[in-house]
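Asker: These are the residues of each chain, in order.
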Amino acid sequence: MRIVIFILAGCLLSFTVANTLYADSSKMGSPKGKLASYKTHSHMQKENKIETSAVKIPLLWAIRLFQKKLSPIDGPQCGFRPSCSEFGRRAIKSYGVFQGIMMAGDRLLRCNAYKKPGFEYKLINNGYLYDPIWKNTLTESFN
Amino acid sequence: MRRTINFFTILTITSMLIAPCYAQDRVATISEDEQLGFADSLVQEGEYYRAVTEYKRFLYFYPQSDKRDVAHFRIGTAFFAGEDYGEAVNAFHDFRQFYTESKYILGAHYLEGTSYWRLKRYDQAQTTFETIIDFFPGTEDAQHALKAMTAISLDKGDAKAGLKYLNNYMKQYGQNVEIARIEKAKNLISEYENAPRKSRALAATLSAIIPGTGYMYAGRYGDGWTAFATNALFIYGTVTAVQQENYTTAYIVGAFGLPFYIGNIYGSANAVKKWNLGVRKDLHDRIFITLGFDVE
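Chains as they are written, first to last, in this note's numbering: chain E, 1 to 143; chain A, 1 to 296.
Okay, chain E solo, but in the shape it has when bound (with noise of 0.2 Å):
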């Protein structure tokens, strides 16, 4: 009988061990499917860099304080997708702290009751308007 629990405990240690070190491995992988064409962005190959910029890692920690516990509290609210605090955290890790700042500050102005879609915003699932950072940097382009 002893020896039945010894094996049953040791399938369900090993279980566990193997679960968690798939999860860690499937989280540090390179993306597959869809997500490997968006990493052919230079900008999303920015932002999966780890971070070492004193100036930078403070404001991205106050981001993702407000995102993990100041904005589930009252939900979802902003209408863009990504969403304003997404967007700025994004913005600062591509270009930097000053025009991360920048344009972080643009979309909270433009986070109001005015936006509708259009040639800026595709209507996406949901309701969300899709408003990329990549479309709010000052280049003139169509692509």
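Since the hints were derived computationally from the structure, they do not count as laboratory data. Heads up, some of the hints might be wrong.
[As the list claims (entries may be wrong)] Pair by pair, the computed Cβ-Cβ distance ranges are: (1) S141/E x G138/A: 32 to 40 Å; (2) T52/E x I209/A: 37 to 45 Å; (3) V239/A x E140/E: 30 to 38 Å; (4) Q172/A x P132/E: 26 to 34 Å; (5) A208/A x K49/E: 29 to 37 Å.
Values in this document were obtained by computation on a predicted structure and should not be read as measured data. Every residue gets a Cβ at the ideal spot worked out from N, C-alpha and C, and that includes glycine.
Following the hints, complete the assembly by docking chain A onto the known chain E.
Answerer: Below, chain A without anything else, positioned relative to chain E:
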């Protein structure tokens, strides 16, 4: 009982051994046309990759067929229809190497050029279309190629070159029924070249002086009023705190307000950029529709 079980076991094993021998005599044979027809039906159902496999099966099983060029060409069209333009380019390129005398050679050229265009490899697309114009003059594909060259020039931001190709079209195919549309496209390109533009620097300056006015200059009144009200509140809060010598509050309110102020300046320039793009995009799409191309 045991005898019965043994009997049925032997019977089952024997029938399993005999069945394949019997089936071997009844191998289903598919004709060339049936194989091609099956692949075509998969294309019609939108199963492009399976269709490619079936076309390749055709090429493997009927190496002497006189319809090999059809199958090879349709591999390219299946990739093209499935929007896998990289593979389509390879397929059409191979086709052009193998079947120089095929009646599909012109179509392969045109679709290869279009695939390059969709991949935004504009120079290669233009080289391919130029080949059609130079080597197959007078054909319908050469006419389409001239129109495609115009559209690619626009995508590259060179409206003047686009106008040049349309002039060539009018010179070569002046009697064509489509000439009225080409004339209309020419007028639209001239309009595109002289499209009104607003100044980003002016918008940014306006917003720096009075927050929100840059957005209004770009025609976005809602955003302008929001920027004005938000910045006015932060500026008022900071100034009041300074007047009351409450410098800590002034610092905090000012620090929170600063991103909105610089964001309003940046956003005004961004709004003008989008306004300029919007005007040009509208004209760009109208030119494409006039020339008979799809717009995104």
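Asker: Now, for every hint given, state plainly whether the structure supports it.
Answerer: Hints, verified against the model:
1. Taking 32 to 40 Å as the suggested C-beta distance range, the pair S141/E and G138/A conforms, at roughly 37 Å.
2. In this structure the supplied range 37 to 45 Å holds for T52/E paired with I209/A, their Cβ-Cβ distance being about 39 Å.
3. In this structure, V239/A and E140/E meet the distance hint of 30 to 38 Å, their C-beta atoms being roughly 37 Å apart.
4. Separated by about 43 Å at the C-beta atoms, Q172/A and P132/E break the suggested range of 26 to 34 Å.
5. Judged by the Cβ atoms, the range 29 to 37 Å given for A208/A and K49/E holds: they are separated by roughly 33 Å.
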